[in-house]
Amino acid sequence: MKNARIFFTKDGACKYISHLDTNRVMLRAIGKSRLDIWHTEGFHQHAYITFALPLSLGFASTCESMDFRLLDDNADMTAIPDRLNACLPAGIRVLRCADAKYKPADIDSASYEVRIEPMTDKDISIEELYNRLNTFLAQPEIPVEKKTKKGKKTVDLKAYLLDFSTDFDKTVNMKLRLPAGPVLNINPSLLVGAFETYCGTELYSDMTRTGVFTKEGRHFE
Amino acid sequence: MYPKEIEKYLLKVQKPGRYVGGELGEVIKDKHDVDVRFAFCFPDTYEIGMSHLGIKILYSLFNEKPYIWCERVFAPWIDMEAEMRAHDIPLYALESGDPLTEFDFIGFTLQYELSFTNILNMLSLGGIPVLSKDRHDLNHIVVAGGPCACNPEPITDFIDIFFLGDGEDVDLEVIELYRACKREGKSREEFLRMAAQISGVYVPSLYDVSYRDDGTIAAVTPRDGAPAKIEKRVILDMDSCYYPENFVLPNIEIVHDRAVMEIFRGCIRGCRFCQAGFLYRPVREKSIDRINEECHALCRNTGYDEVSLSSLSSSDYTQVVPLLRKLNSWAKPEKVSLSLPSLRVDGFSDDILNEVKTVRKSGLTFAPEAGSQRLRDAINKNVYEDELINTCRVAFEGGYTSVKLYFMIGLPTETLDDVAAIAGLAKKILDTYYSIENRPKGKSPRVTLSASSFVPKPFTPFQWEPQDSMDILREKQKHIKDSITSKKISLSKVTYNYHDTDTSFLEAVFARGDRKLNKAMLLAHERGMRFDSWSDCFSLQNWLDVFEECGIDPAFYANRRRDFDEILPWDHLDYGVTKEFLKRECERAYASQPSPNCRENCMNCGMKKYGGGVCYEKR
Ligand code: SF4
Numbered sequence: 001m002k003n004a005r006i007f008f009t010k011d012g013a014c015k016y017i018s019h020l021d022t023n024r025v026m027l028r029a030i031g032k033s034r035l036d037i038w039h040t041e042g043f044h045q046h047a048y049i050t051f052a053l054p055l056s057l058g059f060a061s062t063c064e065s066m067d068f069r070l071l072d073d074n075a076d077m078t079a080i081p082d083r084l085n086a087c088l089p090a091g092i093r094v095l096r097c098a099d100a101k102y103k104p105a106d107i108d109s110a111s112y113e114v115r116i117e118p119m120t121d122k123d124i125s126i127e128e129l130y131n132r133l134n135t136f137l138a139q140p141e142i143p144v145e146k147k148t149k150k151g152k153k154t155v156d157l158k159a160y161l162l163d164f165s166t167d168f169d170k171t172v173n174m175k176l177r178l179p180a181g182p183v184l185n186i187n188p189s190l191l192v193g194a195f196e197t198y199c200g201t202e203l204y205s206d207m208t209r210t211g212v213f214t215k216e217g218r219h220f221e
Numbered sequence: 001m002y003p004k005e006i007e008k009y010l011l012k013v014q015k016p017g018r019y020v021g022g023e024l025g026e027v028i029k030d031k032h033d034v035d036v037r038f039a040f041c042f043p044d045t046y047e048i049g050m051s052h053l054g055i056k057i058l059y060s061l062f063n064e065k066p067y068i069w070c071e072r073v074f075a076p077w078i079d080m081e082a083e084m085r086a087h088d089i090p091l092y093a094l095e096s097g098d099p100l101t102e103f104d105f106i107g108f109t110l111q112y113e114l115s116f117t118n119i120l121n122m123l124s125l126g127g128i129p130v131l132s133k134d135r136h137d138l139n140h141i142v143v144a145g146g147p148c149a150c151n152p153e154p155i156t157d158f159i160d161i162f163f164l165g166d167g168e169d170v171d172l173e174v175i176e177l178y179r180a181c182k183r184e185g186k187s188r189e190e191f192l193r194m195a196a197q198i199s200g201v202y203v204p205s206l207y208d209v210s211y212r213d214d215g216t217i218a219a220v221t222p223r224d225g226a227p228a229k230i231e232k233r234v235i236l237d238m239d240s241c242y243y244p245e246n247f248v249l250p251n252i253e254i255v256h257d258r259a260v261m262e263i264f265r266g267c268i269r270g271c272r273f274c275q276a277g278f279l280y281r282p283v284r285e286k287s288i289d290r291i292n293e294e295c296h297a298l299c300r301n302t303g304y305d306e307v308s309l310s311s312l313s314s315s316d317y318t319q320v321v322p323l324l325r326k327l328n329s330w331a332k333p334e335k336v337s338l339s340l341p342s343l344r345v346d347g348f349s350d351d352i353l354n355e356v357k358t359v360r361k362s363g364l365t366f367a368p369e370a371g372s373q374r375l376r377d378a379i380n381k382n383v384y385e386d387e388l389i390n391t392c393r394v395a396f397e398g399g400y401t402s403v404k405l406y407f408m409i410g411l412p413t414e415t416l417d418d419v420a421a422i423a424g425l426a427k428k429i430l431d432t433y434y435s436i437e438n439r440p441k442g443k444s445p446r447v448t449l450s451a452s453s454f455v456p457k458p459f460t461p462f463q464w465e466p467q468d469s470m471d472i473l474r475e476k477q478k479h480i481k482d483s484i485t486s487k488k489i490s491l492s493k494v495t496y497n498y499h500d501t502d503t504s505f506l507e508a509v510f511a512r513g514d515r516k517l518n519k520a521m522l523l524a525h526e527r528g529m530r531f532d533s534w535s536d537c538f539s540l541q542n543w544l545d546v547f548e549e550c551g552i553d554p555a556f557y558a559n560r561r562r563d564f565d566e567i568l569p570w571d572h573l574d575y576g577v578t579k580e581f582l583k584r585e586c587e588r589a590y591a592s593q594p595s596p597n598c599r600e601n602c603m604n605c606g607m608k609k610y611g612g613g614v615c616y617e618k619r
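Protein chains in written order, with my numbering: chain X, 1 to 221; chain Y, 1 to 619.
Just chain X, same shape as in the assembly:
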């Protein structure tokens, strides 16, 4: 038995699959692919799979990963992406399969690309929105309310904004990196929500997770 990790993208219609449903889609794909992987024991046996960092509903991603155990130590990992892709909806594409290098607990941050636009052209121009975003991000503090298990608390997002850059074309675009992983998770929609309140107008944002990183700043592999 050996551990394997696949890396996959999620976009298009599959953006709207929740984490729980992604799990279900993957299990069915594994069943259909007939990959020989380890199953849980007990009354309802199912293939054992785990995800390093769940993705929120509505997000696209270029860097998702999933772990499982191959029963055959000599299994050919390079064949796995094609076998799974044949069994997955078009919005999920497996890019590669490899040994798991880091543990999910090593995850420390994630990067995102966010494309923001007004609900209609009449609300605000893209350029204006871009300028406002820059002023918003330039504030010394960006306090938001975050729901935690213990109730609501106010956090300063500015302190968590590890990296960011902005530009605009048809939409206002922001690249940013935020804490992620088992200890602290900051969802970029918190920042967009705060920006929306700041602008006083409803915004639409299209979010993509573009990278997952370890404490040392290495790509999670």
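For the record, the hints were derived by calculation from the structure and aren't laboratory data. Errors might be hidden in some of the hints.
Label-pair distances were calculated between CB atoms; the ranges are [to be verified]:
id, chain 1, residue 1, chain 2, residue 2, range
1, Y, 253, X, 146, 26 to 36 Å
2, X, 38, Y, 490, 50 to 60 Å
3, X, 75, Y, 293, 25 to 35 Å
4, X, 74, Y, 86, 55 to 65 Å
5, Y, 293, X, 146, 26 to 36 Å
6, X, 158, Y, 490, 33 to 43 Å
7, Y, 245, X, 19, 29 to 39 Å
8, X, 99, Y, 436, 35 to 45 Å
9, Y, 85, X, 141, 36 to 46 Å
10, X, 73, Y, 397, 42 to 52 Å
11, X, 150, Y, 293, 49 to 59 Å
12, X, 48, Y, 443, 25 to 35 Å
Using 25 Å as the maximum straight-line C-alpha spacing, the simulated DSS-like pairs for lysine-lysine come out as follows [what the hints assert, rightly or not]:
id, chain 1, residue 1, chain 2, residue 2
13, Y, 481, X, 170
14, Y, 4, X, 122
15, X, 147, Y, 609
16, Y, 8, X, 170
17, Y, 12, X, 152
18, X, 175, Y, 12
19, Y, 65, Y, 186
20, Y, 335, X, 2
21, Y, 609, Y, 583
22, Y, 579, Y, 229
23, Y, 481, Y, 404
24, X, 122, Y, 516
25, Y, 583, Y, 608
26, X, 215, X, 175
27, Y, 516, Y, 579
28, Y, 29, Y, 182
29, Y, 133, Y, 519
30, X, 149, Y, 12
31, X, 2, X, 101
32, Y, 404, Y, 427
33, X, 146, Y, 8
34, X, 215, X, 103
35, Y, 15, Y, 56
36, Y, 481, Y, 428
37, Y, 12, X, 146
38, Y, 478, Y, 488
39, X, 2, X, 103
40, X, 175, Y, 8
C-beta: ideal position from N, C-alpha, C; glycine also.
Keeping the supplied structure of chain X fixed, place chain Y with the ligand upon it in accordance with the hints.
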């Protein structure tokens, strides 16, 4: 692919995955390569529609034809509907994202009467005129099939063509005719007239209905050469009947997310309240080899690890145990579990239990339907108390501790004693549990009773019967409650619930309604009513207001006893069972006399004319 402009609204609604398609197994074609585009509409949510077997069969069947592209459309939930209406987004099909106006056929499946308003709402959301008479060219043909097509009279103003009986052949024949008419430049009217000549096709606009002063029907008169009786279609050889090798695999959780294999059509039993039991006669089985082959392919193609063997009464498959053994020869090693829904009390054998995962250890369900033997005889539910007690004893000995029993109240000939007997039966089951020496220790037994309100349906021996008034039904619900003597016996939510009596009443109105109800349907639609089968949306008062405004007395349909010789709204439709047979069965019910099932003794219901199925099995 969903239309790009909805992206902005998708994250504002519950379960956006309902509206985006993109599932494995969806069929994408180039619209320029096909002659006929068919929008298969299910008038309920994605999760319910995607669980339905009929849509899976017809979707694959149609798409196998290179010249047809069949796509799926579901009713958007009210939050999504609000967004679509606010932003002028027409109802679209999931595969192409194209609005309904791009389609040649808009087809609905009629599974329950309370989904009728959703049909009108979906048409209007899609930009299709809801009334047939407002649709003129040879396109946007609105068709409908499914069990409620057996009395489609309340929706004849909206639907151009109804398909009666098994859909696999007749649908394709009509599509083929449409294709020819299109080529030859024929008009919509010419097409409809020609379609009416195909067996199993009912074109309601070709029939005039006249009424007597008392509101009953005087005559139904066909026009333009349409047949006086429209006969349902029956596919006799199930082994040669089309069955899909693959399903569209939903990306989000749906109600029944598993492989489904149809093992036979019809039912030998003839329970007198059960419409499906008469509509789908005669019983036609698929062979073990065919089931085995198709089932294995389906599980391999879909990746499902559970397969449900579907029929109206699974344990009545003539060779059920050999079938299960054969399936398990690959299913067990491939970690696929089998389930047999709709198991009868007397079909619950050790042999079967060893082969299937019918139920989790937690609960068993049975449907005795009536509390007393007298009433079970009257409704022809041939389940005996000692069988039920024995089955429960076996189950308790095997470690089960809870049983759920399904009943109906308001059945013809029912008295308050019959109603009290429901609680009495529960008590006997509980006593059985305590009489077992090696009963599961440390756990408390539980018997749950569910009692829904009976709705008389067309093509059953009870088609002439009045439904109990809502007051009486509520009184009966209360009587069950008062008759319960132990805290370990409880009532399920549907029982003792006003919602159930209200929706059953409306269901009873539409189930045996006539064309006068079209007016009410239209007004209800104009008032924004839809999703009547959902308690979130249903309001009986809104319906009563609509009826009043239309000058319709709903009790005329729900609570009136019909004479045997009254012309019923569905009398021009022929489902094989004769009126004489139904009358005989009704009289036997009055005498509390059960009838043998098809395999014990043929009651000559009229199905022999089709020349196959159980009627010609060796007895
Ligand atoms: S004709 Fe006889 S055997 Fe055939 S369906 Fe009717 S009752 Fe059953």
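Each hint tested on the structure:
Judged by the Cβ atoms, the range 26 to 36 Å given for residue 253/Y and residue 146/X holds: they are separated by roughly 28 Å. Taking the beta carbon of each, residue 38/X and residue 490/Y are about 42 Å apart, not inside 50 to 60 Å as hinted. Roughly 30 Å separates the CB atoms of residue 75/X and residue 293/Y, a value that falls within the hinted 25 to 35 Å. About 58 Å separates the C-beta atoms of residue 74/X and residue 86/Y, a value consistent with the hinted range of 55 to 65 Å.
Roughly 56 Å separates the CB atoms of residue 293/Y and residue 146/X, a value that falls outside the hinted 26 to 36 Å. Judged by the Cβ atoms, the range 33 to 43 Å given for residue 158/X and residue 490/Y is violated: they are separated by roughly 56 Å. For residue 245/Y paired with residue 19/X, a C-beta distance near 31 Å keeps the hint of 29 to 39 Å intact. Roughly 55 Å separates the CB atoms of residue 99/X and residue 436/Y, a value that falls outside the hinted 35 to 45 Å.
At roughly 41 Å, the beta-carbon separation of residue 85/Y and residue 141/X lies within the given 36 to 46 Å, and the hint holds. Look at residue 73/X against residue 397/Y: about 45 Å separates their beta carbons, and that is inside 42 to 52 Å. In this structure, residue 150/X and residue 293/Y meet the distance hint of 49 to 59 Å, their C-beta atoms being roughly 57 Å apart. Taken as a hint, the range 25 to 35 Å holds for the pair residue 48/X and residue 443/Y, whose Cβ atoms sit roughly 30 Å apart.
Among the hinted pairs, residue 481/Y with residue 170/X is inconsistent with the structure: their alpha-carbon atoms are about 65 Å apart, more than 25 Å. Restraint check: the Cα-Cα separation between residue 4/Y and residue 122/X comes to about 19 Å, which is no more than 25 Å; the hinted pair holds. The suggested pairing of residue 147/X with residue 609/Y is violated, with an alpha-carbon distance near 69 Å, which exceeds 25 Å. Between residue 8/Y and residue 170/X the alpha-carbon distance is near 15 Å, which keeps this suggested pair within the 25 Å criterion.
Distance check on the hinted pair: residue 12/Y and residue 152/X sit about 22 Å apart at the alpha-carbon level, within 25 Å; holds. As the CA atoms of residue 175/X and residue 12/Y are separated by approximately 24 Å, the hinted pair is consistent with the 25 Å bound. Among the hinted pairs, residue 65/Y with residue 186/Y is consistent with the structure: their alpha-carbon atoms are about 23 Å apart, no more than 25 Å. Only pairs whose Cα atoms come within 25 Å are accepted, and residue 335/Y paired with residue 2/X is accepted, the gap being roughly 21 Å.
Taking the CA atoms of residue 609/Y and residue 583/Y, the gap is about 19 Å. The hint holds against a cut of 25 Å. Using a Cα cut-off of 25 Å, the hinted pair residue 579/Y and residue 229/Y holds, with the two alpha carbons roughly 14 Å apart. For the hint pairing residue 481/Y with residue 404/Y, the CA-to-CA distance comes to about 16 Å; that is within 25 Å, so the pair holds. In summary, the hint linking residue 122/X to residue 516/Y is not supported, as the alpha carbons are separated by about 48 Å, beyond the 25 Å threshold.
Under the criterion of a C-alpha separation no larger than 25 Å, the hint pairing residue 583/Y with residue 608/Y is consistent with the structure, at around 18 Å. At roughly 19 Å between alpha-carbon atoms, residue 215/X and residue 175/X fall within 25 Å of each other, so this suggested pair holds. Among the hinted pairs, residue 516/Y with residue 579/Y is consistent with the structure: their alpha-carbon atoms are about 24 Å apart, no more than 25 Å. With a C-alpha separation of about 20 Å, the suggested pair residue 29/Y and residue 182/Y falls inside the 25 Å cut-off, and the hint holds.
Proximity of residue 133/Y to residue 519/Y is assessed by CA-CA distance (about 14 Å); at most 25 Å being required, the pair is judged to hold. For the hint pairing residue 149/X with residue 12/Y, the CA-to-CA distance comes to about 24 Å; that is within 25 Å, so the pair holds. As the CA atoms of residue 2/X and residue 101/X are separated by approximately 13 Å, the hinted pair is consistent with the 25 Å bound. Between residue 404/Y and residue 427/Y the alpha-carbon distance is near 13 Å, which keeps this suggested pair within the 25 Å criterion.
Between residue 146/X and residue 8/Y, the direct Cα distance comes to roughly 24 Å. Compliance with the 25 Å bound is thereby established for this hinted pair. Simply put, residue 215/X and residue 103/X have alpha-carbon atoms about 11 Å apart, close enough for the 25 Å limit, and the pair holds. A C-alpha spacing of about 22 Å is found between residue 15/Y and residue 56/Y, which places the hinted pair at or below 25 Å, so the restraint holds. This hinted pair checks out: residue 481/Y and residue 428/Y have alpha carbons roughly 16 Å apart, not beyond 25 Å.
Proposed proximity of residue 12/Y and residue 146/X is supported: the alpha carbons are some 20 Å apart, at most 25 Å. Taking the CA atoms of residue 478/Y and residue 488/Y, the gap is about 18 Å. The hint holds against a cut of 25 Å. Restraint check for residue 2/X and residue 103/X: the C-alpha separation of about 15 Å stays at or below 25 Å, so the hint holds. Proposed proximity of residue 175/X and residue 8/Y is supported: the alpha carbons are some 20 Å apart, at most 25 Å.
In summary, the numbered hints that this structure violates are 2, 5, 6, 8, 13, 15, 24.
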